[in-house]
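A.B. asks: What follows is each chain in one-letter form.
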Amino acid sequence: MTGYIVKRLLQLIPVLIGVSIVVFLMIYLIPGDAAEVIAGPTATAEEITNIRIKLGLDQPAYVQYFRYMSGVVRGDLGYSFQTGQAVSEAIATRYVNTFGLALFSALIAVIIGVTAGIISAVKQNSWFDHICMSISILGISAPTFWIGLLLIIIFCVELKILPISGLSGQLWTWDGMKHMILPAITLGFNSSAMIARMTRSSVLEIIHQDYIMTARAKGLSEFIVIMKHAFKNALIPIITVIGIDFGSLLGGAVVVESVFAINGIGRLMVQSINARDFPMVQGTVLVVATTFVLINLMVDIIYAAIDPRISYK
Amino acid sequence: MDTLLKVNSLKTYFYTIDGVMPAVDDVSFEVMRGETLGIVGESGSGKSVTALSIMRLVPHPPGRIVGGSINFKGDELLTKKEYEMRMIRGNKIAMIFQDPMTSLNPLFTIGDQIIEALVTHQDLSRREARDRAIEMLKLVGIPSPEKRVDDYPHQMSGGMRQRVMIAMGLSCRPDLLIADEPTTALDVTIQAQILELISEMKQKMNMSVIIITHDLGVVAEVADRVVVMYAGRVMEYGSVKDVFSMPLHPYTRGLMDSIPKIDVNEDRLKSIEGTLPTLTEKFKGCRFKDRCVMADRVCHEEEPPIVEIDNRQVRCFKYI
Ligand SMILES: Nc1ncnc2c1ncn2[C@@H]1O[C@H](COP(=O)(O)OP(=O)(O)O)[C@@H](O)[C@H]1O
Ligand code: SF4
Ligand SMILES: [Mg+2]
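Heads up: the sequence lines are chains R and Y, in that order. Per this note's numbering: the first sequence = residues 1 to 313. Per this note's numbering: the second sequence = residues 1 to 320.
One chain only, chain Y, in its complex shape (with noise of 0.2 Å):
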């Protein structure tokens, strides 16, 4: 298999009144062709800054990509003119979001919005592009599609909101689609359909996909691989058999327990206790230390290097 996306030393910062915040720091990984890989980790983590960075939309000010490479197809994206990005946007590199029923534009029908993304990028008159979106539509699973593409998005569902941003961002058969916790603000019974809508898509298109999401249930139902984030930090990067089957960093292993597991019938869902470290200059030792129930006193005081065994890479201590 071919790499498609390196990711190499990423660090995208914020610069803002209270200090410089590192939400990507040091972050690399691989995205090969065909291969959907997950990044997982709890809100705040830098998943959202991580797509944003590949897409070279973080927002500026405050935020900015002060080191590392992006290599998409062996082209280097960080030193790309804003134009050429455009080319790529959309195009080439998808990406879908959260919320859908704010991520498409109110006063605008569904259709308008595909037939956007497929005139920017490709040569087709408006009737061409027009029929192109309703076949997207029809692929995605909305019914009636030649009728819904006048709708408006207030006309729709979330989930099936959620299918338009689908047939929106691979309209023009892009290379690479990020979803950004595509089924969080969703229903638990549409959450599955609209993961099984994302592979079945993939398998259909040869893409790659870029699944990002605070559930290691989800990364477990579509992903080949995962990077596991902690406050800017790949913590864990593997196959998902392997981290799974054994998961190495004690965060990944928090999370874990966190799953929501049928055959067990507890009370409460463990979760790991505490909240993110606020990354001062002063800030010493492992990231995870104040949540960690492995730490020691050298956790205090340096951080860990992230290190490869097993084909695996993990970032602490216990395995140095």
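Looking at chain R on its own, in the form it has when it is part of the complex (with noise of 0.2 Å):
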């Protein structure tokens, strides 16, 4: 086990020397450069020669690359053409709020995803599985924006007991909680679906697999089979699903971060393109994709503890 996370920990390296590659070189991609936008309309060609000289964009460009990754190591990002500030500073404050929704979010989606999978095989059939699996096809096809907006016409207008938007402050505060149900629930909506629909069918599989009619025979209680022997086995498919999940939790993120006016990570992306500040994009991408990998890794070494088979070659 040590030794496959090891393993998998190495195998890491070059997956992430290509990601950084590859948004490096994003930039390349975008018209006009960053010296023009940083001159501004007015300047002159010799104005923005100087700042092209300045910002050392007239070197090639594995040079900026490496000048750029050297700064990455040690945890600097540059500093955003708009306002300044190093990139690093603000997005550690806009991830953190990102992250506490997509985690606040999977976690509403595990728990009712799983729970109603469980039922819905157990009792395959029956009227709480008929209705479970009709919520969830709505769940997959309905857009994350209308069921944002949904929401807030039912908590915020109608009930009034939850805040419409704008969580500027703290998350992890009361107030801040108040601010991320709705766009948890939200996001998770989705999640929850189509987890509760792996966690049916793989259930349903493993049930009718000959060990589990040994863990009758042995005499459990059908408690103990289902929640031990059948379900440690559906957990595979069911982490994959909660791993692709979480993955595009964060990029949902930008949705409903505008639906629910949230100061994330998704909204200072799609701020700083606008604004075309290269270094703010370069950061916020570089960060996701990082987190994206990150959460592969632990799906895998999740699976390997769960299975002795896949650590075992």
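Calculated from the structure, these hints are not laboratory results. Quick caveat, the model's predicted, so the values are computed rather than measured. Fair warning: there could be bad hints in the mix.
Said to hold, decoys possible - The calculated lysine to any residue pairs, modelled on SDA-like cross-linking and capped at a C-alpha distance of 25 Å, are:
(1) R:LYS232 to Y:LYS138
(2) Y:LYS92 to Y:LYS138
(3) Y:LYS81 to R:MET227
(4) R:LYS228 to Y:ASP290
(5) R:LYS123 to Y:LYS138
(6) R:LYS7 to Y:ASP151
(7) R:LYS123 to Y:GLU82
(8) R:LYS228 to Y:THR120
With the hints as a guide, bring both chains together as one complex.
C.D. replies: Structure below.
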């Protein structure tokens, strides 16, 4: 197991280098260059050239890349063209909000999805099963912004029990939590539907396996048969869905952050793209992409922890 | 000898979209203490469903026990509550299955899976249960059991896994072991070892065994008496000695002819031509009629009852 984790960590290095190269090159695909943006529309060609030299933009791409990366490994992602703030600093506060939102909604999605999925499988074709599966179709097909607006109308406008929008301060406060509930449900609804369906089909498949009959023949209660023997086996496809979903939760956060006016990394990314604030764009994309990669690693390690056949070759 | 298990007129039907399938239809037999009973018949004749009925583990839906009685040590099993059955399963009656590659949970160590059976039924600490598990592994012939106890199933061969299944089944010292085709999925050389192990364990633990197989050769090797099943019915039932020296039912004779014989040099094994009938409501006559070389008019009209002759039961018009 330890060997497996070390191996996976080593495999991470080329992936992360690849990610950083792609993120770095991305800037070259955007029309215009940083010097023009900084210099402003009225600048002369000479001014632009000076800025270009000052920023090192006249250097070959690989030199620029190594210069950028030597900053990255020290936690220095450059400075915003717009505000002059350190990119790492700007990202840090917003990252907490977005990651918290994704985590919160993943938690909601897992609890609801797994519970509903198991009950639906065990009580296959019952009214509970039918209702759950109908709701989950809605959950999968309804767009996030629509769900978000619907929830705002119900809970904020009609019932007036939750604040409409605008998490600007700290997430981990009571006020922050109240601001987080609706966005988290909005974001988690789709995932919980996916997780519920995956859990159901996975448990249904597993309960027909021979070892489930062995477990019953041992005299175990149905609860232990399902929760220990069936569920642990069903977990592998479920973890896969949770991993993929957590990634898309981070991506989906862009929409939800806009609908609920949350000061997160998704909004920061959109704002900096609009402003052509290149260091900020690079920084946010790099951080989000790295998070994706790390989540994948986590999923792989969880697989190996669940299934001894994975780390055994 | 006293009776341990008495199955009487057992009926287990499956209710599917294609209609009602009488998988086990009016099946009766007894298992004495210390005896090995063989249940033989080709695939689909209702052997596994009979075993699952005894365990009360028939998948429902679509299956259901619709009639008969199963008496175990003087107690009726068919009226027992689910929690009462749980105290019998794995404790008084253990069952092992055909495919050792799939009957162990891949995500738990074999020790874990044996310990689970022990702590469910006996007042043991985990520590004590672990020692008992190691003891059982040793008893079934697993080398260095104190190490293998922490192995996962995928680290063992098929034969070893079947030994583990046997160790698990016997860990609570059951009165009855039901082995459903325990050697079918194994290599020929391993088959003999597993059969030998079952016989040896039966002696050591003083229990009864029901061994289910499609191979009369297996019955000849280990069983005292045999039930020949076909399409949900008992066709012949008697001591192995009697049945082998003089099979009465045409189906039993067909099965006998399909046992490979070492001394006879045949190109091909004889096998009974045809397949199991589809039992719809309209089905009439003897269930074996379409494949029977001795079938005549009456066989197509009516079904023969099971009758007793010379300490043996047989279901065929030729003996009425
Ligand atoms: N889960 C099931 N659903 C529907 N029919 C079943 C099921 N299990 C068994 N049967 C029916 O019962 C018959 C006997 O099955 P089984 O007892 O498994 O045969 P075998 O003698 O090979 O062990 C099968 O031919 C099938 O028609
Ligand atoms: S009753 Fe008729 S068809 Fe059935 S086994 Fe006997 S002879 Fe054959
Ligand atoms: Mg079978």
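A.B. asks: Does each hint hold? Answer for all of them.
C.D. replies: Here is how each hint holds up against the structure:
no. : hint                 : verdict
1   : R:LYS232 to Y:LYS138 : violated (29 Å)
2   : Y:LYS92 to Y:LYS138  : holds (22 Å)
3   : Y:LYS81 to R:MET227  : holds (22 Å)
4   : R:LYS228 to Y:ASP290 : violated (47 Å)
5   : R:LYS123 to Y:LYS138 : violated (41 Å)
6   : R:LYS7 to Y:ASP151   : holds (23 Å)
7   : R:LYS123 to Y:GLU82  : holds (18 Å)
8   : R:LYS228 to Y:THR120 : holds (14 Å)
Against the hints set out earlier in the document, violations occur for numbers 1, 4 and 5.
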